[in-house]
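Order-wise, the sequence lines are chains A and B. In terms of this note's numbering, the first sequence has 295 at position 295, counting the first letter as 1, and numbering is strictly consecutive. In terms of this note's numbering, the second sequence has 211 at position 211, counting the first letter as 1, and numbering is strictly consecutive.
Bear in mind the hints are in silico, worked out from the structure with no lab data behind them. Ideal Cβ placement from N, Cα and C applies to all residues, glycine included. A portion of the hints provided could be inaccurate.
What the hints assert, rightly or not - Taking lysine-lysine and the DSS-like style, the derived pairs with C-alpha atoms no more than 30 angstroms apart in a straight line are:
(1) B:K226 <-> B:K179
(2) B:K276 <-> B:K303
(3) B:K66 <-> A:K516
(4) B:K229 <-> B:K303
(5) B:K189 <-> B:K229
(6) A:K516 <-> B:K62
To be verified - Chain B stretches covered by chain A per the calculated footprint, using a threshold of three residues with CB under 8 angstroms from any CB of chain A:
(7) 47-57
(8) 79-85
(9) 89-98
(10) 105-116
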Amino acid sequence: MSTTEHHHPEVHAAPRPPATGLRRLLAPGFLRAIWMMALFFGIGLALVLGIRAIAGWHPLWHWPPVLAVAFLTTMPLGFLAGIGAFDYWTHYALGRPTRPEDHSGHGARSWRDYFRVNTDHKVIGVQYLVTTVFFFVAGGLLAMFVRAELARPGTQFFDPQTYNGLFSVHASLMIFLFIIPAFAGLANYVVPLMLGAPDMAFPRLNALSYWLLPIAGIMMLSSFLIPGGAFAAGWTGYAPLSVVGSDGNIFFQMAVQWAGASSIMTALNFLVTIITMRAPGMTFWRMPLLVWANFTTSLLVVIATPFIAASQFFALFDRVLGTDFFRPESGGYVLGYQHIFWFYSHPAVYIMMLPGFGIVSEVISVMSRKPIFGYRLMALSLMAILFLGFSVWAHHMFVSGMAPWLRVPMMITTLLIAVPTGIKVFSWLATIWEGKLNFSTPMLWALGFLSMFVIGGLSGIYLGAVPIDIHTSDTYFVVAHIHYVLFGGSLFTIFAGIYYWFPKMTGRMYDERLGKLHFWLTFVGFNATFFPMHLIGVQGMPRRVVDYAPEFANWNFFISVASFGLGASTIVFLYNMINSWARGPRATGNPWRALTLEWQVSSPPPTFNFDEIPQVVGNPYEYGVPGARHAVLGEERVEELERVR
Amino acid sequence: MLVSIAVVVGAVTTAIAYFVPWLPEQASEQREGIDAVFWITTAICVSIFALVSAVILYSVFKFRAKPDDDTDGPPIHGHTGLEIAWTAIPAILVIIIGVASAIVLARNDRGGPDALRIQVTAQQFAWNFRYPNNVTSGTLRLPVHRDVVLQLRALDVLHSFFVPQFGQKQDAVPGELTKLAITPTKVGKYPIECTELCGLGHAVMRSQAVVMPAAEYDAWIRQEGKRIKGPPGQAGAAVFENNGCGGCHVFSPANSQGQVGPSLNELEQQARRAGKPLEDFVRESIVEPEAYLEPDYPNVMPKTFAQLPAEQLDALVQYLVGDEESGG
Numbered sequence: 001m002s003t004t005e006h007h008h009p010e011v012h013a014a015p016r017p018p019a020t021g022l023r024r025l026l027a028p029g030f031l032r033a034i035w036m037m038a039l040f041f042g043i044g045l046a047l048v049l050g051i052r053a054i055a056g057w058h059p060l061w062h063w064p065p066v067l068a069v070a071f072l073t074t075m076p077l078g079f080l081a082g083i084g085a086f087d088y089w090t091h092y093a094l095g096r097p098t099r100p101e102d103h104s105g106h107g108a109r110s111w112r113d114y115f116r117v118n119t120d121h122k123v124i125g126v127q128y129l130v131t132t133v134f135f136f137v138a139g140g141l142l143a144m145f146v147r148a149e150l151a152r153p154g155t156q157f158f159d160p161q162t163y164n165g166l167f168s169v170h171a172s173l174m175i176f177l178f179i180i181p182a183f184a185g186l187a188n189y190v191v192p193l194m195l196g197a198p199d200m201a202f203p204r205l206n207a208l209s210y211w212l213l214p215i216a217g218i219m220m221l222s223s224f225l226i227p228g229g230a231f232a233a234g235w236t237g238y239a240p241l242s243v244v245g246s247d248g249n250i251f252f253q254m255a256v257q258w259a260g261a262s263s264i265m266t267a268l269n270f271l272v273t274i275i276t277m278r279a280p281g282m283t284f285w286r287m288p289l290l291v292w293a294n295f296t297t298s299l300l301v302v303i304a305t306p307f308i309a310a311s312q313f314f315a316l317f318d319r320v321l322g323t324d325f326f327r328p329e330s331g332g333y334v335l336g337y338q339h340i341f342w343f344y345s346h347p348a349v350y351i352m353m354l355p356g357f358g359i360v361s362e363v364i365s366v367m368s369r370k371p372i373f374g375y376r377l378m379a380l381s382l383m384a385i386l387f388l389g390f391s392v393w394a395h396h397m398f399v400s401g402m403a404p405w406l407r408v409p410m411m412i413t414t415l416l417i418a419v420p421t422g423i424k425v426f427s428w429l430a431t432i433w434e435g436k437l438n439f440s441t442p443m444l445w446a447l448g449f450l451s452m453f454v455i456g457g458l459s460g461i462y463l464g465a466v467p468i469d470i471h472t473s474d475t476y477f478v479v480a481h482i483h484y485v486l487f488g489g490s491l492f493t494i495f496a497g498i499y500y501w502f503p504k505m506t507g508r509m510y511d512e513r514l515g516k517l518h519f520w521l522t523f524v525g526f527n528a529t530f531f532p533m534h535l536i537g538v539q540g541m542p543r544r545v546v547d548y549a550p551e552f553a554n555w556n557f558f559i560s561v562a563s564f565g566l567g568a569s570t571i572v573f574l575y576n577m578i579n580s581w582a583r584g585p586r587a588t589g590n591p592w593r594a595l596t597l598e599w600q601v602s603s604p605p606p607t608f609n610f611d612e613i614p615q616v617v618g619n620p621y622e623y624g625v626p627g628a629r630h631a632v633l634g635e636e637r638v639e640e641l642e643r644v645r
Numbered sequence: 001m002l003v004s005i006a007v008v009v010g011a012v013t014t015a016i017a018y019f020v021p022w023l024p025e026q027a028s029e030q031r032e033g034i035d036a037v038f039w040i041t042t043a044i045c046v047s048i049f050a051l052v053s054a055v056i057l058y059s060v061f062k063f064r065a066k067p068d069d070d071t072d073g074p075p076i077h078g079h080t081g082l083e084i085a086w087t088a089i090p091a092i093l094v095i096i097i098g099v100a101s102a103i104v105l106a107r108n109d110r111g112g113p114d115a116l117r118i119q120v121t122a123q124q125f126a127w128n129f130r131y132p133n134n135v136t137s138g139t140l141r142l143p144v145h146r147d148v149v150l151q152l153r154a155l156d157v158l159h160s161f162f163v164p165q166f167g168q169k170q171d172a173v174p175g176e177l178t179k180l181a182i183t184p185t186k187v188g189k190y191p192i193e194c195t196e197l198c199g200l201g202h203a204v205m206r207s208q209a210v211v212m213p214a215a216e217y218d219a220w221i222r223q224e225g226k227r228i229k230g231p232p233g234q235a236g237a238a239v240f241e242n243n244g245c246g247g248c249h250v251f252s253p254a255n256s257q258g259q260v261g262p263s264l265n266e267l268e269q270q271a272r273r274a275g276k277p278l279e280d281f282v283r284e285s286i287v288e289p290e291a292y293l294e295p296d297y298p299n300v301m302p303k304t305f306a307q308l309p310a311e312q313l314d315a316l317v318q319y320l321v322g323d324e325e326s327g328g
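Chain A with its partners taken away, still in its complex shape:
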């Protein structure tokens, strides 16, 4: 392959000499981003005010278009241009000479390289993870505020607008800025390594995808600052409330566009990478399940995400342009919003879960020292979830007033998703059966996931059954369910993945005792916080309320106290991560004795991953099979190729 001869970082990857004097203003970076943001903001503002002046619309300064265009579209574009996300393409478009093998923006030599537009998938993976953990902490703090307010009935600390903003921004950050991109970050780091590829298929697009994220996150958080307050229609942003509510809704509607664009570009990148950049011998049936999981997830993202983008654009247009998509008084179709929104947002549940299935498959197989039970069925069940996942969206709408006949078919498809999901759960159980279980921190998270996700899945069956759903929808039962799925499910697998690949990413080992402490504190705190919500939910406590009936007071107080403990457990995690990254003992290349390719190189891996593209010769989970190999590298590879020839 031609790639091998170019991938010697010393040749092309020498960093550019740092710019000096006024040239620093022109060099890509945060300094240039500042003035370019101002410039682009000015252009956006001039566009809005100019058009309004020419058309004679008054008042000239009207917040919705100014926010939508200048603040939330052109200014972020200025930021991206400033940090240099578009430099290469601009050069190319202007016909200036480009260097196809320019790797100066590739790889990290110092910590500063993590704050630049960097095309190395490993740097981008770490950028993703650190950014998403930041927003995880921010979203978690918002949840603490929510629980503080709910500790007692009545309103204590926040007025309703602020409170509704708190839970709306909490959910939006956790979904769009934590769970989805944290998985993308882990996969960014691991997938090319697992495939035996030097990088992703489109490294510059990959860098751009990452830099869209902080924009979306800051957008959501900063909506608290504008007059009228943050978006407060929930993360679902149902019209017409999101159309007639505060201008903060524009921040949600635009932030979803940025985060969604990031998601789509990353998914395309994964798809092309997985399809075209597998090492020789890496057939689809030899791919690790994490790769399979990200393959199906990426298909989901590419097909579904445009729908949420559309739903948010329509709601935005109703407010800013005066269109009538969801305005009932002028013929709009209110339920249309929900249909379009859930056509994305139900598959999004699998976007937030399938990568976790992949992580857990890796961890459980390695830590049990056994092959994954029923590998092919595991991969096929991912595909089954992908297809079924598109036929269930209306189970979010059983009480919405949609066409009644839709309820039973959507219930059947919803309940049927339990079948492929059950296959996965039972296969993991069969994998640990008779294994040699190693209870390292990643394994604890994986087993914790297995038990908690089963609860979340089973409460999903309750919600899938229409009569029970009619009783429990929009109550705390739903809050309990989604937290068992997204916290006990997705978040536990993200923690499993972070601990599992921490030695690979940092070259250091985390503190095992602190990792276990983190797990047990979270596990207990999580159940104490969210399990009682099932109870107050079926008892009839509505979700998204700043105040509630006195009969729910005792449980809510208990839940709030437990949630503060749960929040505090994150401190153990952060301390362990930061301290171990700086001072942990050096990790070997393969501390878990795993077979997959990312563990066959040094920790952290070399800039271009492999000195030579490895030759894949077998399945990835052949633990306990005498003499079995997944891939051969280096001299062995040459011998292997000789032998085959």
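We have chain A; now place chain B onto it with these hints.
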């Protein structure tokens, strides 16, 4: 050992499931069906959870690797029989749940041919109920053991009508008419909640459903029907009472003590401050409360009263204005 763990886990989870009072009091026929599906589902789910937990717990104790044991487990790649079993059995179980659900749903959707039809209007942040004889009220009154169909409308954003004891829930959608069947089975008072986020007052958009013995309900609705057709003073008093005006306002003729909104004993002074003729001012303040806000009072009055039938609105205005003039 696996069996004993499964039994212990199953017993513990079943105890949690059966001895905790999960469900609120049952007060409608529809809830009976819902509860049946709930318990079928719970039985299935508890068994599955017990099985999974037992396997995990057993494995944790039994298959733990010794610290110096670097060997691998047996290379088992799969087992076709097992895989077919755990594909087929869950499929059968969820189909059982699905069939039970579909049957209950079909029953719970039926309102019955001669159901009592009540118009429900939801608006930020109040409920209004109108009965077939045009009586309106802020609390929902229902006769026990009679099929009722609520016809829901929303005037601004989405709302959702929910009474936990009835188990039935339905969104009210602007621009559409939605329906909900309820057959109350127990006399009593039950909370009505809005369960669809509808804005700042969402949490307090509550009301009450009062289930009455059939005879008592008939007497009430006949009497109220007569009152609203009576002379303005009487009709107005009935509208005032049924729509819960006294919950927020002081008004001497009605002996009401509410402190949320301004006193209605001083309407004349307020009209003067607003710069409008008394009758116009009172009417406007009912149908469009935001038009004039009395200083120091929050803008919280629902706009639902714009939906009052014209003659009831007239009567209410007369009641408020007339007594004002004669009394003051």
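Going down the list of hints, with the structure as the test:
{"no.": "1", "hint": "B:K226 <-> B:K179", "verdict": "holds, 28 angstroms"}
{"no.": "2", "hint": "B:K276 <-> B:K303", "verdict": "holds, 20 angstroms"}
{"no.": "3", "hint": "B:K66 <-> A:K516", "verdict": "holds, 18 angstroms"}
{"no.": "4", "hint": "B:K229 <-> B:K303", "verdict": "holds, 24 angstroms"}
{"no.": "5", "hint": "B:K189 <-> B:K229", "verdict": "holds, 28 angstroms"}
{"no.": "6", "hint": "A:K516 <-> B:K62", "verdict": "holds, 20 angstroms"}
{"no.": "7", "hint": "47-57", "verdict": "holds (count 6)"}
{"no.": "8", "hint": "79-85", "verdict": "holds (count 3)"}
{"no.": "9", "hint": "89-98", "verdict": "holds (count 6)"}
{"no.": "10", "hint": "105-116", "verdict": "holds (count 3)"}
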